[in-house]
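Engineer: So the chains spell out like this:
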Amino acid sequence: MARQSFECSEESVGAARRFVADQISDVALALQDAVLVMVSELSTNALVHAAAAFVVTVNRTDHELFVCVSDQGEGRPELRAPDASQPHGRGMRIVDALSDEWGVSSDADTGKSVWFRLAVGAVLTAASPEGRTTEPVDETLWVREAGTSSTHGSVPVTRVREPDSGKPTNHYRGARHSKGRTRSCPLVSIRRRAPERLTR
Amino acid sequence: MLRLPEISPQRDVVPVVAHDQSVTVTATLDDPLTPIIHLAGELDLASVESTQADIATYLSDESVRVTFDLQDLTFMDSSGIAMLVQISNDVGQVTLINVSPIVRRVLEVTGLVQHFGLDP
Numbered sequence: 014m015a016r017q018s019f020e021c022s023e024e025s026v027g028a029a030r031r032f033v034a035d036q037i038s039d040v041a042l043a044l045q046d047a048v049l050v051m052v053s054e055l056s057t058n059a060l061v062h063a064a065a066a067f068v069v070t071v072n073r074t075d076h077e078l079f080v081c082v083s084d085q086g087e088g089r090p091e092l093r094a095p096d097a098s099q100p101h102g103r104g105m106r107i108v109d110a111l112s113d114e115w116g117v118s119s120d121a122d123t124g125k126s127v128w129f130r131l132a133v134g135a136v137l138t139a140a141s142p143e144g145r146t147t148e149p150v151d152e153t154l155w156v157r158e159a160g161t162s163s164t165h166g167s168v169p170v171t172r173v174r175e176p177d178s179g180k181p182t183n184h185y186r187g188a189r190h191s192k193g194r195t196r197s198c199p200l201v202s203i204r205r206r207a208p209e210r211l212t213r
Numbered sequence: 067m068l069r070l071p072e073i074s075p076q077r078d079v080v081p082v083v084a085h086d087q088s089v090t091v092t093a094t095l096d097d098p099l100t101p102i103i104h105l106a107g108e109l110d111l112a113s114v115e116s117t118q119a120d121i122a123t124y125l126s127d128e129s130v131r132v133t134f135d136l137q138d139l140t141f142m143d144s145s146g147i148a149m150l151v152q153i154s155n156d157v158g159q160v161t162l163i164n165v166s167p168i169v170r171r172v173l174e175v176t177g178l179v180q181h182f183g184l185d186p
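Chains as they are written, first to last, in my numbering: chain L, 14 to 213; chain E, 67 to 186.
Worth flagging that the hints you see were computed from the coordinates, not collected in a lab.
Worth double-checking, as some hints may not be accurate.
As the list claims (entries may be wrong) - According to the in silico footprint, chain E covers these stretches of chain L (three or more CB under 8 angstroms from chain E): (1) 20 to 28; (2) 46 to 52; (3) 57 to 67; (4) 94 to 107.
As the structure is a computational prediction, the values presented were derived from the model and not from experiment.
Beta carbons are placed, not taken as given, at the ideal position from N, Cα and C, and that holds for glycine.
With the rest of the complex left out, here is chain E (with noise of 0.2 angstroms):
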């Protein structure tokens, strides 16, 4: 008699790979009042908080607006937006260079474009 595998709910689903997903955060501190962040990776829900961490401690109570160059941050949604607005709300003004196409429809889409120093 042919017996089928017994098939385990859980089987088919994926487990958390050891994918890079961190964000690096480096900055240029010519001026500590003006920081440059830039950003690389992808900006989501699993990255955020240590991306916001790791942002924080370049920030000081002295910083009036943070610039943040994305030209090597590959993704980011609505996760990485919360962090901007947040940001934004504690320094300042946050303005962001080398924005992407799908990162700067995102924008456009929130009405965030003018918030973020982008030429409408």
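Just chain L, with the same shape it has in the complex (with noise of 0.2 angstroms):
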């Protein structure tokens, strides 16, 4: 695991880019690439919403990365559906969609932290906002099933939604990763939606 702390200041979201750079530089580019759009958003909220130094985190195992972006300020990340006019209200959006899972949780001593998650090695394709899958291959669309949450040690039980059929299958596919993971935010919401979901 690596920690590092960064300073209030606008040049400290590049600075977590390089700092998480180097924990993933044996990643494929294109995750690389993903992961490194997706701190700087986090970092940006830390910076723009909350007005804090904060805190980045990456978690690491051989199958997933996590990273979780934590500060002391007020406000929460927003899921937001701006209309091609607006110019601000993507970050999570962006977050949303490169992502295997995101969330937010509260601790007395770290603070807010948002997170994400993501397999490494998975093939990632992008979908459109309105859920058309722009690449046919392995995109999967992963659905938490109401009633189902995530907290330390438990295994997830995701719905995965093949684009081909169209027909929701059980799969347990948390399970095999998420034994003896160790998190450094507790999980307390979970938050990962098919696109075509979203309530504008």
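Hints in hand, dock the two standalone chains.
Structural biologist: Quick look at the structure:
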């Protein structure tokens, strides 16, 4: 696990990217690019919305990457759907689309933490906001079923929807990767929704 | 008796390092109505304000379409998108060329591919 604090300065956004880049230099370039954009978004949120110094934590296993940005400021991230003429409000939309899973947690010591998780080695494709998969490959949309929650040590039950058939099938895909995983942030809420389910 | 060193809570804070985070803006102004602006560097929260100011020097009231060549833009996040949307609102049309895979992907997931003149 690697952890670094960054001061409340605009230049810290780039510094946070370079810190994380150093931790993931062996990962596929496309994944690195996606991770660095997400780190940039969460760091920017800490500075702009929380106006606070922030801490970046990177946790890696063989199969996945877990990045957490914590600050002591007010404000919670929002998933918004701005139209094309609105300049702002796209940061968490990008994190939502590029990560496998993200969430927010609060802790007395670390403050508010926004985290994302990404399977390392997964083939990632982009889905348009209309939910249309632009590349017909391994894109699976992860939808947490109602009533399940992910906390320390639990195995998240996820429903994987195959875009080809549109038929939902249940998998316990989190089991292998979750076993023994230590998280630096307690997971309180989890949001991972298919883009087309978002309300405008 | 062993004395532990005092640890300042700020000790591991990364100071602002002298890393060049500016974006270099150059332009081709063959037709002032449709300038082509070339961006090089990392476009994020730290660089967006100065970048936008530099771009403004190449735009006139007559500009109807701005083309941004992103060939040498090594990084862009939603701060850069916000800038492009603002310029699009002011000028009328913004077209992006030489877009990297990750920037294209970010534009796809934010629904801006066609807005910036990229083929869907």
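Engineer: Take the hints in turn and mark each one as holding or not.
Structural biologist: To see whether the hints hold, each was checked on the structure:
1. Beta-carbon proximity to chain E at under 8 angstroms applies to 8 residues in the segment 20 to 28 of chain L; the threshold of 3 is reached and the given coverage holds.
2. Look at the segment 46 to 52 of chain L against chain E: 4 of its residues bring a Cβ nearer than 8 angstroms to a Cβ of that chain, three or more, so the hint holds.
3. Counting residues of the segment 57 to 67 of chain L whose CB falls under 8 angstroms from any CB of chain E gives 4; the rule of at least 3 is met.
4. Counting residues of the segment 94 to 107 of chain L whose beta-carbon sits less than 8 angstroms from any beta-carbon of chain E gives 9, enough to reach three: the coverage restraint holds.
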